[in-house]
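Undergrad: Based on the hints, put chains X, R, W, H, G, C and U in the right spot on chain S.
Chain by chain, the residues:
8 protein chains.
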Amino acid sequence: MSTDDVRDLGFARVDLDRERRCGRPEVVFGPGKLPGEVAEISRALVQAGQRVLVTRATDEQYQAVVAELPEARFHPRARCIRVGEPTLSPQKWSVGVLCAGTADLPVAEEAAVCLESFGRTVDRVNDVGVAGLHRLLGEVGRVRSHGVLIVVAGMEGALPSVVAGLVQRPVIAVPTSVGYGANFSGLAALLGMLNSCGSGVTVTNIDNGFGAACAADDILRLGEN
Amino acid sequence: MSTDDVRDLGFARVDLDRERRCGRPEVVFGPGKLPGEVAEISRALVQAGQRVLVTRATDEQYQAVVAELPEARFHPRARCIRVGEPTLSPQKWSVGVLCAGTADLPVAEEAAVCLESFGRTVDRVNDVGVAGLHRLLGEVGRVRSHGVLIVVAGMEGALPSVVAGLVQRPVIAVPTSVGYGANFSGLAALLGMLNSCGSGVTVTNIDNGFGAACAADDILRLGEN
Amino acid sequence: MSTDDVRDLGFARVDLDRERRCGRPEVVFGPGKLPGEVAEISRALVQAGQRVLVTRATDEQYQAVVAELPEARFHPRARCIRVGEPTLSPQKWSVGVLCAGTADLPVAEEAAVCLESFGRTVDRVNDVGVAGLHRLLGEVGRVRSHGVLIVVAGMEGALPSVVAGLVQRPVIAVPTSVGYGANFSGLAALLGMLNSCGSGVTVTNIDNGFGAACAADDILRLGEN
Amino acid sequence: MSTDDVRDLGFARVDLDRERRCGRPEVVFGPGKLPGEVAEISRALVQAGQRVLVTRATDEQYQAVVAELPEARFHPRARCIRVGEPTLSPQKWSVGVLCAGTADLPVAEEAAVCLESFGRTVDRVNDVGVAGLHRLLGEVGRVRSHGVLIVVAGMEGALPSVVAGLVQRPVIAVPTSVGYGANFSGLAALLGMLNSCGSGVTVTNIDNGFGAACAADDILRLGEN
Amino acid sequence: MSTDDVRDLGFARVDLDRERRCGRPEVVFGPGKLPGEVAEISRALVQAGQRVLVTRATDEQYQAVVAELPEARFHPRARCIRVGEPTLSPQKWSVGVLCAGTADLPVAEEAAVCLESFGRTVDRVNDVGVAGLHRLLGEVGRVRSHGVLIVVAGMEGALPSVVAGLVQRPVIAVPTSVGYGANFSGLAALLGMLNSCGSGVTVTNIDNGFGAACAADDILRLGEN
Amino acid sequence: MSTDDVRDLGFARVDLDRERRCGRPEVVFGPGKLPGEVAEISRALVQAGQRVLVTRATDEQYQAVVAELPEARFHPRARCIRVGEPTLSPQKWSVGVLCAGTADLPVAEEAAVCLESFGRTVDRVNDVGVAGLHRLLGEVGRVRSHGVLIVVAGMEGALPSVVAGLVQRPVIAVPTSVGYGANFSGLAALLGMLNSCGSGVTVTNIDNGFGAACAADDILRLGEN
Amino acid sequence: MSTDDVRDLGFARVDLDRERRCGRPEVVFGPGKLPGEVAEISRALVQAGQRVLVTRATDEQYQAVVAELPEARFHPRARCIRVGEPTLSPQKWSVGVLCAGTADLPVAEEAAVCLESFGRTVDRVNDVGVAGLHRLLGEVGRVRSHGVLIVVAGMEGALPSVVAGLVQRPVIAVPTSVGYGANFSGLAALLGMLNSCGSGVTVTNIDNGFGAACAADDILRLGEN
Amino acid sequence: MSTDDVRDLGFARVDLDRERRCGRPEVVFGPGKLPGEVAEISRALVQAGQRVLVTRATDEQYQAVVAELPEARFHPRARCIRVGEPTLSPQKWSVGVLCAGTADLPVAEEAAVCLESFGRTVDRVNDVGVAGLHRLLGEVGRVRSHGVLIVVAGMEGALPSVVAGLVQRPVIAVPTSVGYGANFSGLAALLGMLNSCGSGVTVTNIDNGFGAACAADDILRLGEN
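Residue numbers (our numbering), protein chains in the order written: chain S, 1 to 225; chain X, 1 to 225; chain R, 1 to 225; chain W, 1 to 225; chain H, 1 to 225; chain G, 1 to 225; chain C, 1 to 225; chain U, 1 to 225.
Warning: the hint list may mix true and false statements.
[Stated by the list, open to error] As a list, the in silico BS3-like pairs of lysine-lysine whose alpha-carbon atoms are at most 30 Å apart: (1) 92(H) / 92(W); (2) 92(R) / 92(X); (3) 92(U) / 92(C); (4) 92(S) / 92(G).
Calculated from the structure, these hints are not laboratory results.
Keep in mind it's a predicted model, so treat the numbers as computed, not measured.
Isolated chain S, as found in the complex:
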């Protein structure tokens, strides 16, 4: 590990070695950074020949980035800024991103957009919550065809348990803050998923579509080695 791989901007040390060390370039977490700071980090990454992915970005941050890097693109529902396209190669497995309800879409889209930025193929399966089970049962074949499943749900967060009972694939559960009252901003879905009776379900932080995308990417990369 060499410190040459770090670019110190004062307010941030940009990790230029992360792609080699962890398999993905550093991703910029938008909150708490001034628009100009996001732009400065983005430029440093581009100058080092890396792609840029900013999550939880605001429109104001996007404006600052695109002023410097005109090729930047914004995904508003996913709240992501991207600069540069990944090199795509034929892949054995795709990722299924299941979403329980319409209100969970921002989190599911964050996962999907991040995966696409990592060069993965994504299949979005929306609005298949357990209250109308036939919606999910009608898609079982499609769901079973993917290498990894990211299952995004708010409220009681029951979808991953049901999915895990139907497939042999790794299931990554993402609780969302969708709901009200005793949902406690996603706590209900989080606890539900942590206590899933479906074996092998692992869980990310509430609303952490990005983390689920990273985990899915790590899993698929393993199959490629």
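TA: Structure of chains X, R, W, H, G, C and U alone, referenced to chain S:
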């Protein structure tokens, strides 16, 4: 409301008017009462011509009751003492008690035994948790045949959401304290059920099989009026 | 279960079979949906010959719906959009909606408007919190005349316990987020109702007037079968 | 304030000046003290001419005290040790200690025994929980006759709200840990009482009968000055 | 208890009998009421010959009230509207309202203004938090001269414990939501006060200056009987 | 999905189809089952030609199983009963199980024993908590050689964050209940891992070594397809 | 302790003796104070020959102060107002302020600016979170050169544990509210730091950079005596 | 950092380099270790010429250690095992360990015994809780004479705030789990101390006397460099 309907034993006021007022005789909650106190209340109820039902009873409490009232019976898994049999009349509807896992049985049995003590017909459908959905799907016809459904589950408590999407009947969800870690003694199942995306699900306290039985009894009584 | 009964709009799968399967058409949960999406779902339901009910709706969502469906009506205190009137038939039982205080009215109104949309008769009994018990005691006859009672209360949520001791009917308790400080956004009322010493009380999520209406509707439908 | 009024035993500083300063002698909190230490503190108080009151005492602690001070008495349900009798003088007001259920008796008895140790007259009104309101309504005259009301309740803790709406007297609410599940060891009752819609209700810690007795004693002393 | 003493406005039942029953007229809790509703309740009270006190009032609510009742006065820091002056009679005891820090003033002022509206004499002792103990120790004589002490503090809420060790009077502790981080909106101060080692301290809800004023008023009224 | 694959024992429905459907045979969760019930389920699995794995088993449950199935083996630190050996085939990847401290060993051993029961090769890397970072840094090469990493830690649960920054492999974080005080039975470690700044970390329930083993097994199976 | 050292402004008592008693002048906590009140306190301190430091200040408060005291300076990221410069003397030790991520900078800057206002030398070491450990390991020499280390981190708050394993110096951990979801506004970082396996780590409130600065100042002052 | 300094016992890696790196030898945390494991680690440390300190030790663990190392000593109230004496040198500063109540003594003793094992001089100031402030005020001179203050308190945990207002020294606050009800096993004291209005107070985990001793040792070592 007359105070003549109350028998004051010093440590407890036995409500002899509750059956007329609320449709069921007073039920004795075991915890915090000395065995002799449970026996004394039971005797007062029997003397007033009422049946006895003690919930959360210990074996020690049962020994004290049976010494006074030899016809008393103990249901160990349900932790209930009963004295006297209800008058049974032909009924339009039965109650389905669904239980997600073996460890949830004490709560499901408390609901079932209480309902039987109220003169209701019960169908026990055990071990149909959502992790193996075909177990539940194989029983859909049976589940739909009942007037009310009591759905007992621990861990993530997802079963009521799935059941509510399959039936037109009132669904009473009972979270249990079965689980560990981030289950927080039933909190996960409780929050899951309160946030159920299945419309019309109502919820009792954690492990409260008795309360679910009372609610089911109230609902069926309404249909009989 | 056939997938023909689902209309896939991309961001949502509209469940056109729910009325047959669960006894009520699908209800649209407003939060997290763009105004145009609410309008599109509403149109799909109307095209399939179904009535529309949107809960937790904003005025902006209503404007989008009414632009497409001029017969849409908005209930501001209840925050509901309705399109279409239910077929009314003579009914044996009405629903009493009791409300502890003025600030709890939005939740009580959500319950009442949803019930009316399901074709039920509702009697609103407002401002009968336990701090002035004579207000409730003066209405006991009226309260006892209804088939089901929905009891809406914030702060300490004590009203359902008192009501349950006065009636033989199913009591559905709805905690509200009304209060401050150690109310913790409705947690106090929720816990109070879950721990109610009144037997047979069941509970919905905080502020979930819609869920209480569904449960009451399920109960009354049972009596009609 | 002089340090002469403190007797330093190494593990404890016995406050011999508290009666003059705060109106009551120091009371010994039993938990965490070895039986011999409780005995040693008790002897120091007696040597200084003071009465002794130990709360939350174990039988083992009592045995150690009575071996030194044969006049010591133990109140098992209240878990209190007392040595010495208060000087009784005619009093204007008595204290009503209301108790919601049998399982709440240890806390109510702690309050009552402590008050008697302070020389107060106590009226115990047991098992008047709100689920059977007529039990309380039948005692309204008796309840209104007291100068201060200590209201002890577990589960949802609704009793103080109802009492406060019936009387003009100070109401001290004591939540107990009686209950299970979402009671969370008394949290439900505590939050219920803190959010009481009954104006003027103040609250002690869960199970703190001693604290309620002190507050009632302070209030009555004020009326005597 | 007669229902003639209740004025039903549809959205609210105004309790015109409360002064006779509980010693104080009904007080209007502002949140959740439309400005016009606050004005209508206020007018009903004035028409019945009662004074008006609205707590947690907004300026908008005040404008609606003063348009109807020009004699209405607004106390902005206390957020109270008052109409009518209490009849003052010579009193034996005054109330000391102690306030730990400047940011706690709105709660302390709510207590003080409510007490003045009840006809009590108040002494405000501000900014005497325990971090600079000499500020409090310099006021001990003044603090001891009052009949009841209301002690308002946020952050760790330690002030009531210290005050209770210095006086023989009833101490009512009011936690405030002042603080940040692990204060959790007043939870830290609330728990601190509930666990006070100062005997006889009772506690109100977070920020509940009104409740403390009611409790103090009840206590002083007792001394006057 | 056929119900022929379910063996109904009354108290449990044994899922004989799970290996085909989910890739692993059903695993028996010990808590809440009587020793005889565990033995009966085990015998049913063996009769169906399946291996047996019981987690969270007690010695009493083991005695009941071994009386029926003499080839049963008990792993006391892991609290697992196993019957039957997996068919081993050459594998591309092994699993590294990292354990922060000695007290975390029961959870790490549960993961390791379950993995071995699934036919996986495990490398145990014990006592590499972050307080002495050189212990971990000295094992980086070994850690990087595995296909999946299960990282078990209690207290603050920081180890997965550090590991994730050093490797390109999937990291499954398992919080344990090891610790005291503000650890809140594993909550601190759980929250720490959910908030890990190491990208791609996913999390299981507290103490859920079994769940981590299932997830690791799912991931490695994917690479074998 | 003399009350002459307190300047009573009505809404606040300014402690003019604190520097002598505690080693630092009183610092003004901005929230909850009107701009004019902050200005009035500042002027009182300046009139008494003291420096001024206001924390959590708003721009509006700064405008009020600078209108009275033109030499006032505002530090926007740290949200601090300062008036007057400390007397600097040669010092043996400096303070290292380590910051895990860019979003934690406001808290780290509050600590740094407060320390500079106390006359301490500060070295800012930014963006050295544990996800990229080599960033910290590249600065070990610099980190070890300081007398005290303030370590500021949000999310899982793992940095202090790692730092404490590398140095012999006092480590003060400051959790921040940076993060989302199961971070619960800094609770995750707070619990992580309280449970640190690094011996000797002590912790301040969430976001309390000021408190950490005071603690560091107290420690360095000790070395100067 | 060399791995030669680690002795790998399989279940534990004994850090033989910690004294050089962190200023103190590794301390053994007893819970979760078998008695034989504690003995084996102790022997490894003695063989490497280091002293032994085991915290949270049981009598059973002590018996295993003393069987191997006859010079081992047990401190039952502090629950510590020590082997070997520190080299004492004249020191500028001692540590004051203040303890609020008798029940807090185990935690205070853990801090004191650990400090003595590190070669520090300790002054125990017991039973000086804030409810009887004159007990503390009578010891102010003694309290001010120490270089660092460790302040141990349960219940509301107010003592550190008061102490911090009286001294210029670093104050380390240690919350204990002493209390009941809304104390929530030390949470009340922990939150109270984290929110202390006394500037410069830092906090350890609940009951963590050992951590406070380490922090005090680090601070005094700094003054010696």
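Undergrad: For each hint, tell me whether it holds in the structure or not.
TA: Going down the list of hints, with the structure as the test:
At roughly 17 Å between alpha-carbon atoms, residue 92(H) and residue 92(W) fall within 30 Å of each other, so this suggested pair holds. This hinted pair checks out: residue 92(R) and residue 92(X) have alpha carbons roughly 17 Å apart, not beyond 30 Å. A threshold of 30 Å between alpha carbons decides the hint, and for residue 92(U) with residue 92(C) the separation of about 17 Å falls inside it, so the pair holds. For the suggested pair residue 92(S) and residue 92(G), the alpha carbons sit about 17 Å apart, so the restraint of at most 30 Å is met.
Hint compliance for this structure: every hint is met.
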